[in-house]
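> Listed below, chain by chain, are the residues.
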Amino acid sequence: MDNATIERIIDNHQCEASSLIQILLDIQNELHWLPTEALEMVSEKLRVPMSRIQHTATFYKAFSLVPKGRHEINVCMGTACHVRGAPRVLDVVQNITGIRPGETDPEMKFSLDTVNCLGCCALGPVMEIDEQHLGKLVPDMAADLLKNYD
Amino acid sequence: MINSPAELEQLRQDILSKRDPGKSRISVCAGAGCLATGASKVISAFDAEIEKQGLKGEVSTKGTGCPGFCERGPVVVIDPEETCYLQVTPKDVPEIVSRTIKERKVIERLLYVDPATNEKAVRESDIPFYRNQERNIIGNNSKIDPKCIDDYLALGGYSALAKVLFRMTSEQVVEEVRKSGLRGRGGGGFPTGIKWDAARNAPAEAKYVIVNADEGDPGAFMDRAVLEGNPHSILEGLIIGAYAIGSHEGYVYVRQEYPLALENVGIAIRQAEEYGFLGRNILGSGFDFNVKVHRGAGAFVCGEETALLLSLEGRPGEPRSRPPYPATRGLWGKPTNINNVETWANVPLIINRGADWFNRFGTEKSKGTKIFSLVGKIKNTGLVEVPMGVTLRDIIYKIGDGIPGGKKFKAVQTGGPAGGCIPEQHLDIAVDFDELVKAGAIMGSGGMIVMDEDTCMVDVARYFLNFLTQESCGKCSPCREGVKQMHRILTNITEGRGKEGDIELLEELAMSTGSASLCALGRSAPNPVLSTIRYFRHEYEAHIREKRCPSYCCKELVSYYIDPEKCQACLVCMRKCTSEAIAGAKHRIHVIDQAKCNKCGTCFEVCPARFGAVIRLTGEAEPVPGAIPDELRIVVRKKEAKKEARKEAEQEAEKEAR
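Residue numbers (this note's numbering), protein chains in the order written: chain A, 1 to 150; chain B, 151 to 808.
One should not assume that every hint holds.
Stated by the list, open to error - Chain B is nowhere near these chain A residues, computed Cβ spacing over 10 Å in every case: (1) Glu-7; (2) Arg-8; (3) Ser-19; (4) Pro-35; (5) Ser-43; (6) Arg-70; (7) His-82; (8) Thr-97; (9) Glu-103; (10) Glu-107; (11) Ile-129.
As the list claims (entries may be wrong) - Quick list of in silico lysine-lysine cross-link-like pairs, DSS-like style, CA-CA up to 30 Å: (12) A:Lys-136 - B:Lys-705; (13) B:Lys-557 - A:Lys-136; (14) B:Lys-212 - B:Lys-297; (15) A:Lys-45 - B:Lys-297; (16) B:Lys-191 - A:Lys-109.
What the hints assert, rightly or not - Derived coverage of chain A by chain B (criterion: at least 3 residues anywhere in the stretch with Cβ under 8 Å from a Cβ of chain B; other residues may be distant): (17) 56 to 69; (18) 113 to 120; (19) 135 to 145.
Calculated from the structure, these hints are not laboratory results.
Treat the numbers as computed from the prediction; the structure is a model and nothing was measured.
From the three backbone atoms N, C-alpha and C, an ideal C-beta is built for every residue, glycine too.
Chain A on its own, in the form it takes in the complex:
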């Protein structure tokens, strides 16, 4: 972990405790997770107790306290995708990756998550792999798509 990066992020927000969430979001964007050392630095600099940082970091879904895999899969579980068969797509993705939402496989290849709506309902069921939208999915197509990643 790069201490200077964390310091720069904290300084961008003028070390204000009210910017805690914004700071954590920036760290999450930069590192794709929140390492304990980073949180300790934030705690020290903002003079916010670790307990409150833990509370915040576990309350909001954008934050991850474990590292992410090389490819981040977000399967949309919005209502429109749900009625168009998203649960079946998710089942297949889980079967193939061997992980459940919120987990990363031991080889650090995939991290799997569900999201509540990506807002491209016309493409549903849709999933996002490394920020690329893959739409109009059916289970066997999702299975094929996952083979393209290593």
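Once you've looked at the hints, dock chain B against the given chain A.
Then chain B, alone, in the frame of chain A:
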């Protein structure tokens, strides 16, 4: 920096005079939906092609906000003719430039074809999807490059702000908004004028105004479309509200899941500051106002205003009880007014055109238009803006063009996780705040999810309760425990463990959760359960009594089976099976290993219709037949021959047995 309304008008005239209305303008939707289908490649293809064909400077290209017709994206509109091309790909671009731009001819194959009449629609406004709407707010999206403030000014932008600052008192502004009958678009439906009045009258030095852009309802994306497509309209509304209330500091609370919205709002704020619509002494009026953007970090409950306020302060968003309302005790304990994106976007229109104009749209108690996101099992997925009071049937059939695949409509779910499901027999109710509540649903933020015969209503209730279980902040026990227990019972029912009395227990839990919870999340959590029980009790009963899912949706209650009489051993299902559960070979009847099957339904979908060999079974009355003996798994093409062969094999087997 603009220092007076006269300078603003002068600037507007300058912008307009530089624009030749006869010149071709290409607008490509660059909203999140179209970007996902490749809009950015289309835009760069246009730029390259225009240069290649030597038209640089004569034709302008811009990425605009979402016009709403997501189903047929990327959407391209070519002005001044208003020619509308749908599902445009980069390889269509050279032809569009050479034929439509240079020769002013229409390319037939890219036009919308009305499936009912087979007639082609050239202009955007001829397409039934648009024709049946009233696009007061979203209509401007396709005319504006959201990253360019001049586009907004060209359409009369910030004239309402100038009018308010120089020709109206704050009382008059509040009164105009009150008279318009505008009600909150975020879900509550509280009269905006009354809310503003309360914040205006609250005695305090510092007050805050906030845009609630934490759009969290799954299946609702109208706020995102306005944020991405016309951010200045929201800012203008916010500054007007700040003036009316007496606030000098505001926030736009945008969920971080909307990166493009965050980007465009950020750009809009910077431009508004440069032009003098934000900051000190706005337009020389002496009024000061600043805005900051705050990113939400992924918590549905933060759409609730007291939770949103805590989140703005950098804390976990756990709602508190009201009163005191934010109008008296809000951000940092100061009077605060929070309105939804669409509510703010209505404000400049009301100021410019007057409360009486706004009043003309809508029903007695619900005025104006409302944007709905029409999604799910519907032919025309997209954003639709209609006057309050149109019927659900008109929205679903006239604008949405009905259900795809010849399926039967079952219900429409409105209002997100706090809403309810409305069945066929109520499709003729007028859509407004009060009528939807009477039907057991709510307007909510405007999500409208259409469901067909394949959607199981018990599963839908379970889906929403699962969502709410995850999103409940856990502060008050009626919500934390009540929602969890309802979810548990619903899961039991959908997985075949339902028992008599479950429906009544759900109703009882719904009652107590609904009346005892702290915030709207828990108080409205029972709606998906109660509305589905009210209209689809028979589906609950089928699950509980017969372990049957009438929609073949709940996978624990459904099995897939290959009819040996019909299987032609074509290998398709076997190859496509996602769990390697199908055994078969050429001339060997395929068999599903029920233990391995993950019920994904792929075999059912891919089995050629002329065979129809894969069948779905559900309920205790339809057990899966035992696998046929191995020696009988030969496929003989002619049906009769197959039966004979089987008879022979059976006789032989009998002989052997003897």
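> All hints, please: hold or fail.
For each hint, the structure was consulted:
no., hint, result
1, Glu-7, "holds, 19 Å"
2, Arg-8, "holds, 18 Å"
3, Ser-19, "violated, 6 Å"
4, Pro-35, "holds, 17 Å"
5, Ser-43, "holds, 13 Å"
6, Arg-70, "holds, 21 Å"
7, His-82, "violated, 5 Å"
8, Thr-97, "holds, 13 Å"
9, Glu-103, "holds, 16 Å"
10, Glu-107, "holds, 21 Å"
11, Ile-129, "holds, 13 Å"
12, A:Lys-136 - B:Lys-705, "holds, 21 Å"
13, B:Lys-557 - A:Lys-136, "holds, 18 Å"
14, B:Lys-212 - B:Lys-297, "holds, 10 Å"
15, A:Lys-45 - B:Lys-297, "violated, 36 Å"
16, B:Lys-191 - A:Lys-109, "holds, 29 Å"
17, 56 to 69, "holds (count 6)"
18, 113 to 120, "holds (count 6)"
19, 135 to 145, "holds (count 5)"
Checked against the numbered hints above, the structure violates hints 3, 7, 15; every other hint is satisfied.
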